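There are 2 protein chains.
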Amino acid sequence: MPYELFYWPEIQGRGEFVRLALEETGAKYVDVARGPGGTEKMMRLMQDGSLKTPSFAPPFLKSGKRIIGQTANILLYLGSRHGLAPKGDAGSLWVHQLQLTIADFLVEIHDTHHPVGANFYYEDQKPESKRRAEDFRESRAPKFLGYFERVLKTSGGPFLTGRKLTYADLSLFQIAEGLRYAFPKTAVAWAKKHPRIADVRTRVAARPRIAKYLASDRRIPFNEMGIFRRYPELDG
Amino acid sequence: MPYELFYWPEIQGRGEFVRLALEETGAKYVDVARGPGGTEKMMRLMQDGSLKTPSFAPPFLKSGKRIIGQTANILLYLGSRHGLAPKGDAGSLWVHQLQLTIADFLVEIHDTHHPVGANFYYEDQKPESKRRAEDFRESRAPKFLGYFERVLKTSGGPFLTGRKLTYADLSLFQIAEGLRYAFPKTAVAWAKKHPRIADVRTRVAARPRIAKYLASDRRIPFNEMGIFRRYPELDG
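Protein chains in written order, with our numbering: chain A, 1 to 236; chain B, 1 to 236.
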C-alpha cells in the first residue's frame, strides 16, 4: 500500500521536506491533496473526530492505518524505515536534532515576509518585513548557515553526518535551494561563504531519483504563496 | 553520574520543559549555568570545535559522554529512558508529535512580544506586538488550545494519551501556567473554555515531585526576559 501524503497542493511548504525523503527512497506515495477532491479529503480527515492521532496542521502522512503528523516527526519515522538515518539511538537523535534546527531556521525564513502574523497579508506588513528581513540577512541567516557549515566540517563531509546521506541533508538542500530563490542577491555571497552547504545542494540535486523528481511536475515551482518568497525589497 | 543541563540561568525559557521532565522522574541533574561560572562553561562547550554533536542554541543535555540538543529531542530521549512516553514506536511518535506542536505554539507565544525579531527590544516593536498579540488572542491561541482540548477529549483523559502522564503533559502544564502569567485576563476565559487543559495544569502541579519543585528555588519565577511576559497592553 502506498503512503498517502496530505499537504496543501499549491506550495512546496513543509510538505516538500517529506516529499524529498519519499522521492529519494523511491517509496510509492500519493500526494492526496493534489488529486481531484484531494483538499476536501484532507480537510475532512483533519477534522475527523474519531481520529486518535489528529494533526494540528498539514503535512501528515498515512502509513497503513497510522497517521503521523509534524514534518520532523514524519521524517523521524521515514528515516528509520528507509535507511535515511543512522540505525542506533545516538545517531538517530543527532540527525533529528539537526532536522529540528532546520525547522527553526525555516520559521525564521517564513517570518521575513510575515513578521506580524501569518493571518495578515504581506502587503499589510511590508515595513515590518523589511526590518525583519534585514536582521535575518545580517544576523540570523549567517548564524544558522555558519552552524550547518561547522557541522559539515566536523563530520568530515560531504554530508551532515559524514559519508552517508540522511533526511537532514535533503532538508538542508531544500533550505539552500529556497534561499537561492527567495534571496537571489544575498544567496550568492552565502554560497561562497558556506561552500560545504553549497556542495550538499549540488550533490543532492544530482542524485538520480531527486534529479528526476526536480525535473518532473511533481515538484511544485517556488512561488509567492509558499515559505520561500521572492520579494526583491527583502533581498537588500 | 547526574545529567548536566545547559540553559540560560535567568529564565525558564525552553529549558523549563526539560527541567519539568527531570524533576518529575526524580533524575539527578545539575543545572550547570546556574552555578558559579556556569554560563561561561556553557558558552565554551557550545563553541568547542571538537564537539561532534554541537547545539545551535541552549538547552542541551549532557548524559554521560553524549550531548543532546533541541528541547523536543531531549524530551524524546528522556521520555524513553524514564517512562515518560509509551514504549512502542507508534505511541512514542504520537507523544513527540504533540510535543512538536507545543513547540510551535511556544514560538507563537514568544512572537507576541517579539514579532519583528528577537534581536530588537520589545520597546522597539510595541505597535507590532499589539497587532500580533491581538491575532494571537483571537485566532492562534484558540486554535492551539482547541486542538489540545480535543486530543484530551479523544484520549479519554485525564492526560494527552489517556491515563498515563507523558512529557507532553508536563509541557502542556507549562504552557497553561505561562499563559496564565502572561495573559492573566484572557487566560480566565481560556481556562473556562478548555476545562481539560485546566485539569492537566492542576494535576501536574499537584504531583508530589513537581509540587516540591515549584515551591523550591530551583523554579525560576516567570519574568519579563523569558518567553512568557506580562505586558498588560498585550492582554486585550
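There could be a bad hint or two in this list.
The list makes no distinction among identical chains, and a pair is therefore deemed to hold if it is satisfied within one copy or across any two copies.
Simulated crosslink set (BS3-like; lysine-lysine; CA at most 27 angstroms straight-line) [said to hold, decoys possible]:
1) Lys28 to Lys41
2) Lys65 to Lys212
3) Lys192 to Lys62
4) Lys62 to Lys185
5) Lys28 to Lys126
6) Lys192 to Lys130
Honestly, the hints are just simulated from the structure, not real lab data.
Quick caveat, the model's predicted, so the values are computed rather than measured.
These are the hints, each one checked on the structure:
Within a single copy, lysine 28 and lysine 41 get their C-alpha atoms as close as 19 angstroms, which meets the 27 angstroms cut-off; across copies the closest is 48 angstroms, which misses it. In the homo-oligomer, the alpha carbons of lysine 65 and lysine 212 never lie at most 27 angstroms apart, since the shortest distance is 30 angstroms inside one protomer and 42 angstroms across protomers. For the identical chains of this complex, lysine 192 and lysine 62 are neighbours neither inside a copy (40 angstroms) nor across copies (34 angstroms), given an alpha-carbon limit of 27 angstroms. Taking the closest pair of Cα atoms, lysine 62 and lysine 185 never come within 27 angstroms of each other, the shortest separation being 39 angstroms inside a single copy and 40 angstroms across copies.
Taking the shortest alpha-carbon separations for lysine 28 and lysine 126, neither the intra-copy value of 41 angstroms nor the inter-copy value of 49 angstroms comes in at or below 27 angstroms. Taking the shortest Cα distances, lysine 192 and lysine 130 sit within 27 angstroms of each other inside one copy (24 angstroms), while across copies they are farther apart (40 angstroms).
Of the numbered hints given earlier, the model fails hints 2, 3, 4, 5; all others are met.
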